[in-house]
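Undergrad: Can you join these two chains into the complex? Each is in its own frame, and there are hints to help.
One line per chain: the protein sequences are A and B, in this order.
Under my numbering, the first residue of the first sequence carries the number 175, and numbering increases by one thereafter.
Under my numbering, the first residue of the second sequence carries the number 3, and numbering increases by one thereafter.
In case anyone wonders, no lab produced these hints; they're calculated from the structure.
Among the hints, erroneous ones may be present.
Claimed, not checked - Not the full set, but computed from the structure, chain A residues with beta-carbon under 10 Å of chain B:
| hint | residue |
| --- | --- |
| 1 | 259 |
| 2 | 260 |
| 3 | 278 |
| 4 | 297 |
| 5 | 301 |
| 6 | 303 |
| 7 | 363 |
| 8 | 372 |
| 9 | 381 |
Note that CB positions come from ideal geometry on N, CA and C, so glycine has one too.
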Amino acid sequence: MSILGLQGTFDTSSAYDGHDQKSRQAQRQADKWMLPGAVMMTTAILGPIGFPLFLKGVALQRKAAAAGLSVRPLICTLLGYLVIMDSGLNSIGWSLDLIAHHSLINRTLVTAWGNMFDAGYFWHYNELWIGGTGAPGEKSWEIALVPTVFCMRLAAAIGFLQMKRWGHQWLIVTCWFGVIYWVGYVANMTVFADLRYNHVVFPVLGWWIYDIFYITPFLAIPYLHTVNREIFTD
Amino acid sequence: MKESSTALPPGTTETYSGLHKWLQRGLFVCLAALVLEGSFTFPFLAAWYGWPTLSLVEMCSELQKVRYSDDTRECVFPYPLFAPAEAAAQKTAKDDWGVQPKPQYKRIGFRDLVKIHDERVARQAAANQERVQQ
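This is chain B alone, in the form it adopts within the complex (with noise of 0.2 Å):
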């Protein structure tokens, strides 16, 4: 036996050492990137989206009001367990239609959400205001 073979790991012949050891820096670069993903992925998107100023049912709701163009629209939680779809036909979502559908909501960017909530509550507290006032 060759003296290089003698340091191949069990399983690994000289013909294909060259392509495993390739592959193993392939694996080990995808399997740091999805323990990251799979670790911080969430907390990422829950700072990204507002959390903690917005509580997760208020980001529900914000991404409902952006998704389909309605302000009114509130997230139920919980939502009962035999119910339709909560956006079952829903007429408010804006979208360019056509056999490639063009979605008209605006992009959302970082903590975008927790302003747009505040702008919301505040021209809404503005309006009551006003509404007293007369």
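Excised from the complex, chain A in its bound form (with noise of 0.2 Å):
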């Protein structure tokens, strides 16, 4: 196609497209990054690993975004690995604590953390026939939530991520879950703040400062439904 009345001819189409396949290249590029980055830093261990390959990502894509190309949005990106970091970091504790409760990671790093912030994760641990946590219904939390909605929220989040409309309605429909989990595990926790607090290192307030930055769910829900939607694609 070309733009007549100017001086000589201008293809736009192919400068649109070249301008489309540099800014998925670059996109592409940055979540190469980000991805593995996020990914390592859920499972807690291979953290310090995951954190400079993020940040790499991260740079990659403030790059891209101020060379002029059309990359996602940033609340997009930041919302997208928030919930990878989220679901991720929720999932590695629990999974451990259901299925590899005497691992020795387990039993030395998840029960320190529970003897930090949270003895559910301390009490009375691996003393339960199916082994981990013998605080009263933290267990079911785990069979409920693990097999469900993290590994939901982490498929939808990798969905969200590459602009897709199934991941921005899976990410509606898990954060949902995220409120009901956030509202049931609170509300566990104070019935039986007793076991789960006296004596901790940081109780309370430091459990509090520890995972408030899990609220992604109370952010993200007002984002995907005020977003428009026209910008995620079949």
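TA: Here's what the structure looks like:
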């Protein structure tokens, strides 16, 4: 296609295609660093390795945006990776407790975390026949949430980062699940506060300071319901 | 189209631009915090509870001694795959039992496990020496 009336011709379709291709490449390149970095950080143990990889991806994303390329809106990038971090970190802790409760890493660092912030993961640990936490109700949350919500949240976040419509839709579904488990978890902890916070290194306030950053669903839901959905594709 | 709306990111309408701006700030803070927590929680915990002075297995044993108020407990590693839970039927843990149980173990301060470990080892060495002298 050419624009008439200008001196010479200007091929807008190839300019658009070129810009689109460069933008996609730049986005892919940034995600290639950010995604493995984020996944490593969700394992907690590999966190120090994932951290620089993630920062490198962030730098590439910023560079692409500064160069005028059509990369993903910043708020979508923040939201997608926050959900990955949130669901991944919840999954690793609860999966260790659910299926790897006698591994060394779980019996040292997860029970140490319990001793520091929430004794539900320290008190009478590995005493139930099913192993892991002995706090009332806690094991039920793990069985209910690890194989369902957190897996769905991880998948939804990846779809959302790809700007897919199903990613947006499933993020809405799983973020509402998130509201339910926040309310349920906090209520459970409060009801059994004596065993969960007695002689803990940083009780109650410490737990809130550490965990308040997992409020992803409460930040995501208002955005997901007010964003113009046309930016997501089938 | 108004000039201000051209500066909005894709997906954000003018009506919700204020909301999205504040949500973006919140998301940024949360992501930065989770990135730092994901990267540094375990190294921080390891340092607080005595590593590298204590190995991970020693740390595991010391945590069990505190949890079950039993100085004879040792962390079995590797733990046999289909064995019963390691603390099943233990009788030493101290609690005020009731509908709201209250644990009686002590709060573990910064690198307290190293101190607890060293003091116990010294106590045991002194007891052994006394026994030899008798």
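Undergrad: Each hint: holds or not?
TA: Going down the list of hints, with the structure as the test:
1. Using the Cβ-Cβ criterion of 10 Å, the hint placing residue 259 (chain A) at the interface with chain B is satisfied: the shortest such distance is roughly 4 Å.
2. At its closest, the beta carbon of residue 260 (chain A) sits 7 Å from a beta carbon of chain B; the interface hint therefore holds under the 10 Å criterion.
3. Using the Cβ-Cβ criterion of 10 Å, the hint placing residue 278 (chain A) at the interface with chain B is satisfied: the shortest such distance is roughly 5 Å.
4. For residue 297 (chain A), the suggested interface contact is upheld, since its CB lies about 5 Å from the closest CB of chain B, less than 10 Å.
5. Because the closest C-beta pair between residue 301 (chain A) and chain B is about 4 Å apart, less than 10 Å, the hint holds.
6. For residue 303 (chain A), the interface hint holds, the least distance from its beta-carbon to any beta-carbon of chain B being 6 Å, beneath 10 Å.
7. Taking 10 Å as the C-beta cut-off, the interface hint given for residue 363 (chain A) is violated, the closest approach to chain B being about 13 Å.
8. The beta carbon of residue 372 (chain A) comes within 5 Å of a beta carbon in chain B, closer than 10 Å, and the hint placing it at the interface holds.
9. For residue 381 (chain A), the shortest C-beta to C-beta distance to chain B is roughly 13 Å, which exceeds 10 Å, and the interface hint is violated.
The structure is inconsistent with the numbered hints 7 and 9, although it conforms to all the rest.
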